[in-house]
Amino acid sequence: MLRFIVVLCLISTLVQGFGQFSVLLSPKSLEFTGDDKLESAYVGDVLLAALGNAVAGSSKWTGMSVRDPFSLAQTSIIVILVRGVLNMTTPQGAGNYELKGIGVEDSLNYMVSQLPKETVNDINFTNHKEGMRKFEECFGALDAPVVQPVQYLRPKQYWSHKHFLDQLGLIKLATQKLDVVLKPSHVLIFRMSLDGIVKVARYAPISEAKALLATIIANLLNVIRERNESVLLVQVTLGQKTQLLTKSQTREKISKSPFEKMNDNVDHPILANIIIWFSVIFALVVTIICYAIATIDPGRDSIIYRVSTVKDWTKKKH
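Here the sequence shown stands for residues -17 to -1, 1 to 301, numbered as in mature numbering (1 follows the signal peptide of the UniProt record, and there is no 0).
You may find that some hints are simply not true.
Said to hold, decoys possible - Derived SDA-like pairs (lysine to any residue); straight-line CA-CA distance at most 20 angstroms:
(1) 11 with 167
(2) 193 with 81
(3) 145 with 109
(4) 166 with 103
(5) 145 with 179
(6) 193 with 142
(7) 145 with 189
(8) 160 with 210
(9) 166 with 121
(10) 11 with 67
(11) 11 with 49
(12) 155 with 96
Said to hold, decoys possible - Each pair of labels, with its calculated beta carbon distance range:
(13) 187 with 166: 38 to 44 angstroms
(14) 11 with 205: 26 to 32 angstroms
(15) 36 with 128: 34 to 40 angstroms
Think of the hints as simulated: they come from the structure by calculation, not from any bench.
Quick reminder that beta carbons are idealized off the backbone N, C-alpha and C, glycines included.
Turn these sequences into a full structure, and let the hints steer you where they fit.
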């Protein structure tokens, strides 16, 4: 019964999807069309290909095509990864592609590992202190403009609300300093999470956070349009179910044991009975042999008596 319930939960998760890959802005050298679903594990490969790099994956995704391969080297990429939501509002004209499967962050990590370190700025706000340190290292300042909450976010009461608003302010500050990172073949990644936001009212803080973040991203989009035509701006959302499924699969791998495989074997009771009876017979045989040896009377002429008896040969010589 429990297994049946787990299967139903996984099926419902698969039906609802894992997230969304949204292309908010693309350079003229690339074209994004259609609504073909993208496997999460190939997100990094898509971005590597957009920079003109060779990829080892074998994805059949048809959403991206290259118009001018000679201009790919001039492309710079900005990725905004948002955990905790399946989708977000996107500007008109954006290309939205449903993600299937898990592994977006692993795919992004792989992409980062394939690029020169000096060309990648990976700012991970899911660890607030580390994200702040990385932002200061990248942009040289933390004097960000204050983003005011609307109704449900309460930065004076909850650290998670304050941290989120601070992160929005930093992205707003980064919008003013894009010249620092918008260089050919450079990548800027912002990783954020809405999972940790304290929910004062059911879903209300998350909805407000999504609206504020969408406004910040729209502002970033407008600034990029005015300054640079070679930027690929991507927004990736990951629902909570994706992370829960990842954790459950991790636990399943950790808890694997030889006995779990035996539970799936139809012949398990027969094998167990055979092992038990052989063990009982072996124990009885050993007991009988030990008893026989302990009670035997070998006599003085037996080999056992001669070997076990210590004679004093010294006295006989004298």
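Comparing the hints with the structure gives:
no., hint, verdict
1, 11 with 167, "14 angstroms, holds"
2, 193 with 81, "18 angstroms, holds"
3, 145 with 109, "13 angstroms, holds"
4, 166 with 103, "11 angstroms, holds"
5, 145 with 179, "11 angstroms, holds"
6, 193 with 142, "18 angstroms, holds"
7, 145 with 189, "14 angstroms, holds"
8, 160 with 210, "11 angstroms, holds"
9, 166 with 121, "13 angstroms, holds"
10, 11 with 67, "32 angstroms, violated"
11, 11 with 49, "9 angstroms, holds"
12, 155 with 96, "27 angstroms, violated"
13, 187 with 166: 38 to 44 angstroms, "40 angstroms, holds"
14, 11 with 205: 26 to 32 angstroms, "18 angstroms, violated"
15, 36 with 128: 34 to 40 angstroms, "35 angstroms, holds"
Checked against the numbered hints above, the structure breaks hints 10, 12, 14 and satisfies the rest.
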